[in-house]
Amino acid sequence: MQTIDLQEIGLRELNKTLHAQAADTNQTAWEIVNPKGAHAIACGLDAPIEVTVKGSTGYYCAGMNQQATVNIHGSAGPGTGENIMSGKIVIEGDASQYLGATGHGGLIVVKGNASSRCGISMKGVNIVVQGSVGHMSAFMGQSGNLVVCGDAGDALGDSCYEARFFVRGTVKSLGADCEKKEMRPEHIEILKGLLDEAGIDANPAEFTRYGSARTLYNFDVDNAGAY
Amino acid sequence: MNMCGIVGLFLKDKALEPHLGEMLTSMLVTMTDRGPDSAGIAIYGGESNGRSKMTVQAAGPDAAFAGLAKSLSAAIGAEVKVAVKSTHAILDIPTGSTQRIRTALQELNPDIRLMSRGDSLEIYKEVGLPKDVAAQFDLAKMSGTHGIGHTRMATESAVTTMGAHPFNTGDDQCLVHNGSLSNHNSLRRKLRREGIHIETENDTEVGAAYLTWQMQNGASLGEALESSLDDLDGFFTFVVGTKDGFGVVRDPIACKPAVMAETDQYVAFGSEYRALVDLPGIENARVWEPEPATVYFWSHNAVPTSTEKAA
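Going down the list, the protein sequences come from chains A and B. For what it's worth, the working numbering labels the leading residue of the first sequence as 95, then goes sequentially. For what it's worth, the working numbering labels the leading residue of the second sequence as 1181, then goes sequentially.
No wet-lab data here; the hints were simulated from the structure. Honestly, I wouldn't trust all of these hints.
Below, in silico cross-link-like pairs of lysine-lysine (BS3-like), each with a Cα-Cα straight-line distance of 27 Å or less [claimed, not checked]:
1. A:217 x A:275
2. A:205 x A:130
3. A:148 x A:110
4. B:1370 x B:1194
5. A:130 x B:1321
6. B:1311 x A:130
7. B:1423 x B:1321
8. B:1192 x A:130
9. A:130 x A:217
Now the in silico label distances, taken between C-beta atoms and shown as ranges [to be verified]:
10. B:1337 x A:313: 54 to 62 Å
11. B:1413 x A:273: 49 to 57 Å
12. A:290 x B:1398: 57 to 65 Å
13. A:103 x B:1195: 29 to 37 Å
14. A:312 x B:1413: 30 to 38 Å
15. B:1413 x A:319: 41 to 49 Å
16. B:1373 x A:107: 40 to 48 Å
17. B:1195 x A:111: 16 to 24 Å
All C-beta atoms, glycine included, are put in the ideal place defined by N, C-alpha and C.
Given only the sequences and the hints, what does the whole structure look like? Please build it.
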C-alpha cells in the first residue's frame, strides 16, 4: 500500500504519480490522505489500480476513469466520475450534482444519496445509488443503467434515449418522453447483476423500470409550432 | 455574479464567538479561486445598547472621514462616533437617526457611500484578492455571533467596490449571491418606479432591492425569499444575513453549488466543501446540500417562526 498526503505533495504531483502506473504495475493499492475537498483528485487514471481517498472530495474526482477502482471514504463533489470509460468508483457518502455525466462505461456506486442531474447524458455507464437521486437525473441518457434504491426527484429521464432506469421508491415526476415500462425477466437479471456488483442487498422485484417512450426520436410535423 | 464563492457561519456555541472573524476569513480565502476580483464580509457583532451602526466607505478616507464625527453630531444634534478602518468607517449613532444621518451625509460629502445600517451589522467589501481584503480590514480579529462572506468573479457588471457583495437590504439585513439574474434590467426599472433606490447596474443589487421592496410592503424575509422564486429569473444561490441568523435559498434548477454543515457548535454554509474543512469537528458534522427552491433559516431566536429553525 502506497500512502500519499495530498496536502504535502499537491494535486499535480499526486495525479502525475498515479498516471505513471503502467498496466502491469506492482503498486496496485494507493491511499490518499487529507483530500480536504480538493478538485480533480485521481482524474484520468488508466491502469488497474485501486485508489482509496480517505475523506471528502471536490469537483471531478475520478473523472475520465479507465480500469482503475476509486473508493471515496467521504462525500464527493460535483461532476464526480465525469466521462468515466471503465473501472469502478465507490462513494461511501453522498454525491453532488451531475455524477457520472456523459459516462461511457464502468460502474459508479453511491452508498448515500446522489444530487441533481445524476447520470446526465449517460452513454453506457452503470450507476447504482443506495439512497435517492435529485431532479433531472439521467437527462438525455443514451445508454447504460441508473439504479435508484430510494426515490427519484423531478423530471427523471427527460428526453432520454435507450438508457434504463430502475427505481425502488417513488418518482416525483417523469421527464418528457420518459415512461414506466414492464419489468421482464431479462430486466430482473440485469438489475440483479448490477446490485450484486455494487454489493447492495435489495430485491430486484421491488423495482420499477422506466425508459424512453421513443416519441421524440424523429421530427413530427405536428410539433412544428413548438419551434 | 456567475462563478463566485459564498461562505456563512452561524455560531451556536458562545465560546466560538471571539473566533468568528478568524473562521470566516479562513473560509473566505479558501474560496479565492471562485472569485478573485473582490471580496466582502458581513459580520453581526451583538447588541449595542440604544445605539445603532452604519458602515460607510470612501475612496479617499483620510479627507472624507476627517472631522466627520463633529459635522454629523452637529447635523443631528446628538453624539455620533466614527471609527475608521481603512477605506471604511463605522458610525456609532443614536438608534432611530439612520435617515437623518443619511441625509446629512449626502449634504456633507456625496462621495461617502453607505455599506450597511442596523444595530449589529457591519459590512466590509473592496476590490482585490480575498486575503488582501481580509487583511485590509483585519477581519480575522473580529468577533461576533454570525456572518456571511463572498468572493466575486464578475460577469454582469463592473468590478467596483459597490459591485462587491454583501448588499445591504434593510436594517441588519444583507444578501450575497452566486449566479446571474437575467431579468434584472426590467426589474430594476420596476423597482425604481416604486421608489426603491438602486445605485448600480449590478444584477445582485436588484435582487437585494427586490427583497427590500417586498419587506417594505409587509412581507417577512422568509416570504420575500419565497416570492423571489417566482419573480427572479436566472440562476441563484442566495445567502441572507439577518440580525438573528441566516437564511439560504437556491433557484429551482440549482446549478450553483451549495454545501451545509451542522454540529452542536455551528451551522456553516460553503459554495464547496473545501471551504468547511478547517471548521472544528467537521469530520463528524452532518453535511448536506440544501434542496432547490426551498427556504432555510437558522435563528438565535428562542421561538423561531414557522420558516425558521431554532439553534
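Each hint, compared with the structure:
1. A:217 x A:275: holds (20 Å)
2. A:205 x A:130: Holds, because 20 Å separates the two Cα atoms, which is no more than 27 Å.
3. A:148 x A:110: holds (19 Å)
4. B:1370 x B:1194: violated (43 Å)
5. A:130 x B:1321: With Cα atoms ~25 Å apart, residue 130 (chain A) and residue 1321 (chain B) stay inside 27 Å; holds.
6. B:1311 x A:130: holds (20 Å)
7. B:1423 x B:1321: Cα-Cα ~20 Å, so holds.
8. B:1192 x A:130: holds (24 Å)
9. A:130 x A:217: Cα-Cα ~31 Å, so violated.
10. B:1337 x A:313: 54 to 62 Å: Given about 41 Å between the Cβ atoms, the range is violated.
11. B:1413 x A:273: 49 to 57 Å: At roughly 31 Å between Cβ atoms, residue 273 (chain A) and residue 1413 (chain B) fall outside 49 to 57 Å, so the hint is violated.
12. A:290 x B:1398: 57 to 65 Å: holds (59 Å)
13. A:103 x B:1195: 29 to 37 Å: Between residue 103 (chain A) and residue 1195 (chain B), where Cβ atoms are some 36 Å apart, the hint holds.
14. A:312 x B:1413: 30 to 38 Å: holds (33 Å)
15. B:1413 x A:319: 41 to 49 Å: Since the Cβ atoms of residue 1413 (chain B) and residue 319 (chain A) sit about 24 Å apart, the hinted range of 41 to 49 Å is violated.
16. B:1373 x A:107: 40 to 48 Å: Violated: the Cβ-Cβ distance is about 58 Å, outside 40 to 48 Å.
17. B:1195 x A:111: 16 to 24 Å: Taking Cβ atoms as reference, residue 1195 (chain B) and residue 111 (chain A) lie about 42 Å apart, which means the hint is violated.
Of the numbered hints listed earlier, those contradicted by the structure are 4, 9, 10, 11, 15, 16 and 17.
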